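Novice: Residue numbers (my numbering), protein chains in the order written: chain E, -15 to 78; chain Z, 84 to 238; chain U, 348 to 469.
Do not rely on the hints blindly, as some may be mistaken.
As the list claims (entries may be wrong) - A few chain Z positions that, by computed beta-carbon distances, are all more than 12 Å from chain E:
no.: 1; residue: Ile92
no.: 2; residue: Cys96
no.: 3; residue: Arg98
no.: 4; residue: Val101
no.: 5; residue: His116
no.: 6; residue: Ser150
no.: 7; residue: Gly207
no.: 8; residue: Phe220
As the list claims (entries may be wrong) - Rough simulated footprint, nothing fancy, chain Z against chain E, three-plus residues with beta-carbon under 8 Å:
no.: 9; segment: -6 to 5
no.: 10; segment: 17 to 28
no.: 11; segment: 32 to 38
What the hints contain is simulated information worked out from the structure, not anything from laboratory work.
Being a predicted model, the structure only gives us computed values, none of them experimental.
We put the beta carbon where it would ideally sit given N, CA and C, even for glycine.
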Amino acid sequence: MNRLLSLCITVLAGLLLLYGVEEFPRWGDPQQPANVHVSPRYIEKTLPETGVPNAVTSVLADYRGYDTMFETSVIFTAGVAVMMLLRRSRGKKS
Amino acid sequence: MVRNLDDLIVRTCSRIMVPFLQIYSLYVYVHGHTSPGGGFQGGCIMAASFILLAVAYDIGEAKRRFSERLNALFCCLGVFIYAGTGAVSLIFSDNFLDYSAWRHILPAGPVMARYYGIAMIELGVEITVMAVMVSIFLDLVTAGEQEAVLERNHD
Amino acid sequence: MIEYLLVKHSYWFYIAMIMVGFYGMMAKNNLMKKLIGMNIFQWSIILYYISIGSKKGGTLPVVITGQAARAADYINPLPHVLMLTAIVVGVATTGIALALLVILYRKYGTLEEDEIIKAIKQ
């Protein structure tokens, strides 16, 4: 019963998303809204301003360096959380 | 429950592959400026070299080369390098994380100072990612009781 | 209708993968299988985002030195950057979820959802 209900909900959600695909732009269109606003500036200015030819690295580390710093702290927090959850010290065995 | 895998082929091949994995991870990190790569990718490959040792041999093999204390130290060192590189810019009254302030320390122009600043922060990212991946793996595999597993496997 | 079928067929694959992950999260009884469903969901979203940045006739976003860069020759680097962060956050989430599963198993001895709920209610 649970599986039948889940299957119906899943198929319904899938059909809804398929109906929304009609509004999407063509795959590989250079003029779609994602490729137009700020990323041409990043591609054109990456070599004169930072000296790094790889646009992905210069955007990740220089233009959006603040996000990368907090992401590094997120993975550090995950390591600490797993340590806190799982490690048991020697003296107190319950 | 950690079993000992006693296969000759697996042990020999992993022993040959581990130094090449580590050099490859440093290669991927250093070439992050001119080809796909960078800090995250290099850190994952370096963590994979330690995890290969732990899987093919004993947990103790990985821990002898990378103890728990060093692991915790490296976790913090990477974030410290990253934030420190940004904080040096504050000393020279520039914006935070503006790497062109490093031109007062390094003998380079404002454009090449950003180049070197990117290399420095990618080092911090690589160290943190490597240490955290190895730490999470060892914690999950031994279910937290790392010393007890080592004692049991030595008897 | 013909354009809809021929031009946007790659989006159907992403939607199929989203639905597979969604069904796995809802319908399965074992907690580990729910976690794998969540992982499939997340990776399919990352795949969809990266596919936004493709351009017809574009190459890797590594600018060739020695000539001025035109934006139409290189694919969009911005979705790749944002998805690097998303991948790392996914790894963190999966690691902590696995640690919680270890603690649950240690306490209740099973990973089936209905048995755990029955054991909690007692």
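Novice: Take a quick look at Z:Ser150 and tell me if its Cβ sits farther than 12 Å from every Cβ on chain E, holds or violated.
Specialist: Holds, because the least Cβ-Cβ distance between Z:Ser150 and chain E comes to about 14 Å, which exceeds 12 Å.
Novice: Going by Cβ atoms, does Z:His116 stay more than 12 Å from chain E at every point?
Specialist: 5 Å, violated
Novice: Taking 8 Å as the Cβ threshold, is the statement that the segment -6 to 5 of chain E is covered by chain Z upheld or broken by the three-residue rule?
Specialist: violated (count 0)
Novice: Measuring Cβ to Cβ, find out whether Z:Val101 lies farther than 12 Å from everything in chain E.
Specialist: Given that every Cβ of chain E is farther than 12 Å from that of Z:Val101, nearest at about 22 Å, it holds.
Novice: Examine the segment 32 to 38 of chain E for residues whose CB is less than 8 Å from any CB of chain Z, and state whether their number is three or more.
Specialist: Satisfied; 7 residues make the cut.
Novice: According to the definition I'm using, a residue is off the interface if its beta carbon is farther than 12 Å from all beta carbons of the partner; does Z:Phe220 meet that for chain E?
Specialist: Check fails; 10 Å does not lie beyond 12 Å.
Novice: Would you assess whether Z:Cys96, listed as outside the interface, keeps its beta-carbon beyond 12 Å of every beta-carbon in chain E?
Specialist: 29 Å, holds
Novice: Run the C-beta distances from Z:Arg98 to all of chain E and say if the shortest one exceeds 12 Å.
Specialist: Non-interface label on Z:Arg98 holds, nearest chain E Cβ at 28 Å vs cutoff 12 Å.
Novice: Grab the minimum beta-carbon distance between Z:Ile92 and chain E and tell me whether it stays above 12 Å.
Specialist: Consistent with the label, Z:Ile92 stays out of reach of chain E, its closest Cβ about 33 Å off (over 12 Å).
Novice: Over 12 Å to the closest beta carbon of chain E is the bar; see if Z:Gly207 clears it.
Specialist: It is violated; Z:Gly207 is separated from chain E by about 7 Å at its closest Cβ, not greater than 12 Å.
Novice: Under 8 Å between beta-carbons, do enough residues of the segment 17 to 28 of chain E, three at least, approach chain Z for the coverage claim to hold?
Specialist: violated (count 0)
Of the numbered hints stated above, those contradicted by the structure are hints 5, 7, 8, 9, 10, listed in ascending order.
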